[in-house]
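J.: So the protein lines, in turn, are chains A and B.
For the first sequence, the numbering used here assigns the number 1 to the initial residue and increments by one for each residue that follows.
For the second sequence, the numbering used here assigns the number 1 to the initial residue and increments by one for each residue that follows.
For the record, the hints were derived by calculation from the structure and aren't laboratory data.
Careful: at least some of the hints might be erroneous.
[What the hints assert, rightly or not] Below, a list of computed lysine to any residue pairs in the SDA-like style, where the Cα atoms sit at most 20 Å apart: (1) K40(B) <-> R64(B); (2) K193(B) <-> L74(A); (3) K193(B) <-> M262(A).
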Amino acid sequence: MSAFLSIRNLSLVLKGGPRLLRSVSLDVEAGEVRGLVGESGAGKSMIGKAVLGILPRSVEVVEGEIWLDEVDLLKLRPSERRRKIGATAALIPQDPLTALNPSRRVGPQVTDRLVDILGWKRADAQARALELLAEVHIPDPARVMRSYPHELSGGMRQRVLIASAFAAEPKLIVADEPTTALDVTVQKQILHLIARMQARHGTALLFVTHDLGVVSKVCGSLAVLYGGLVVEQSPVRDFFRQPAHAYSRALLAATPKYTDPMAGLNPVPEAVITAVQAEVAQADASWRNGGWRHD
Amino acid sequence: MTDLYTVTDMHLSLADMVNKPLFGSAPRIDILHGLSFSIKRGEVLGIVGGSGSGKSTLGRVLVRLLEPSRGQVLFDGQDITHLNEDALRPLRRRFQMIFQDPMSSLNPRRTVGSIIAAPLKLHGFDRISVRVDQALDHVGLPRSFRTRYPHELSGGQRQRVGIARAIAMEPEFILADEIVSGLDVSSQAQVLKLLADLVADLGLTLAFISHDLSVIRRLCGTVMVLYQGRIVEHRASDALFAAPEAAYTRELLGAIPLPDPDQPWGAQAG
């Protein structure tokens with residue numbers, strides 16, 4: 001059988017504009033942690049959004065299939081699609097302060113998923129939420145349930161969102177830059193927490209980040225994107241030992257490391273950019289030739 | 001080398017608006033607790049710490065956007081601790097600042113040329129047009145960018161405009177507060193390389209505030225680690241990274257995920 005999440009030839013366009021994703025194909029096996037890396041505008045977040053059915057209105061799917069748990073999401077009616085995604089997948093967002101409703105207490109925001117999607121009773125959901133908050137090492141969960149988001153620190157808010165993402169036992173979680181807004185020491189705690197929760201619940205994880213250091217710690221394999229094109233997919237170990245694509249090598253060379261005072265002042269060379277842009281143009285040319293024939 | 005800055009037992013407290021009663025004045029909270037250090041001419045100092053450690057506040061004291069509540073700050077031998085705005089104005093040219101978010105620190109209604117020219121006019125420079133061109137040359141932007149607006153530029157290019165505006169003033173000291181944290185690694189590398197070259201070419205003294213020790217390692221000769229408004233370690237980069245002394249420095253270094261799957265990055269309770 002095919003992978004748990006299988007994206008086939010997915011192309012997105014900004015309405016009336018260029019392609020944002022260029023025939024992306026990507027498989028995530030059950031329980032696997034897959035990193036999506038690239039610079040801003042590379043389309044890594046768009047993949048996560050497409051999977052969760054939360055693309056902005058201005059973005060349109062023009063081609064492709066997104067198989068989630070043996071169902072092609074793009075063939076479903078919107079209401080069925082929402083139900084399927086809600087029961088199967090969840091999101092850990094980047095900014096916990098904007099993801100939580102500032103005018104509601106934390107408790108109901110964690111239990112919402114259980115009540116709305118799984119049809120639990122509030123009281124049962126409440127009890128489960130307390131368990132979950134304890135599982136993500138929140139001290140005094142009962143007090144946190146009664147708190148408003150602004151009363152919690154950034155790390156605590158992110159823990160709340162992790163608890164809420166795992167609440168309905170999803171089989172896939174999209175984590176979109178979940179630690180970018182945090183201090184390194186808190187980031188380490190949160191990444192360890194996500195890894196532990198992922199392993200315990202056997203959840204597949206699509207981990208969107210621009211930080212190659214984070215990828216090397218969390219992910220089993222990764223896909224590198226440039227301009228909406230997947231330029232390399234490799235197991236993490238292979239990628240860091242011997243990156244296959246010139247652009248990947250340049251990204252690694254541009255990443256500073258405190259262990260090496262000479263690392264990280266090497267901007268991506270012009271030649272590499274030119275070459276990878278040519279690849280993007282090439283992909284577009286062959287897509288147009290193939291694409292218009294359908295009409 | 002002589003000291004450009006000498007800071008002695010500097011304290012800073014600010015009004016705690018979160019706990020301000022409806023009537024009456026807000027209680028004071030202490031942000032910086034008796035810092036003493038000096039910055040030598042030509043030094044590139046990295047200031048690192050977690051959020052809330054006081055690193056940006058310290059930076060703002062150095063360029064006297066904030067006034068210390070106790071202690072003394074000497075700039076080039078002159079006491080600037082409590083100078084008023086009129087007395088500070090002639091000094092402001094000499095210490096410049098580059099900000100974190102170029103989108104909010106560059107006026108969206110002004111062209112790049114007039115953004116760089118504005119402080120020059122304010123400080124009565126001559127040959128302003130020539131100076132703007134030179135500043136653009138220094139940061140590697142084409143002169144034709146004078147007529148562009150900030151929104152037409154990429155993040156890295158905007159940050160270069162911020163740098164151009166600062167160096168056009170021919171300052172002796174530049175404070176750079178998290179200037180690469182919003183950038184992709186490739187633009188980050190470009191901006192850091194540019195900054196390193198400018199510091200060397202123009203003989204600048206630089207204080208570089210960052211939460212990222214890897215970036216500091218690449219750029220800075222000395223490092224100051226702040227924790228809850230106190231200096232926990234302040235040493236030459238090579239020595240600090242070879243053998244960090246303070247427990248907090250070790251914790252910071254241990255938390256950084258290196259791009260290396262074989263780095264031990266031990267599990268911890270949390």
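J.: Take the hints in turn and mark each one as holding or not.
T.: Now the hints, each set against the structure:
{"no.": "1", "hint": "K40(B) <-> R64(B)", "result": "holds, 18 Å"}
{"no.": "2", "hint": "K193(B) <-> L74(A)", "result": "violated, 46 Å"}
{"no.": "3", "hint": "K193(B) <-> M262(A)", "result": "holds, 11 Å"}
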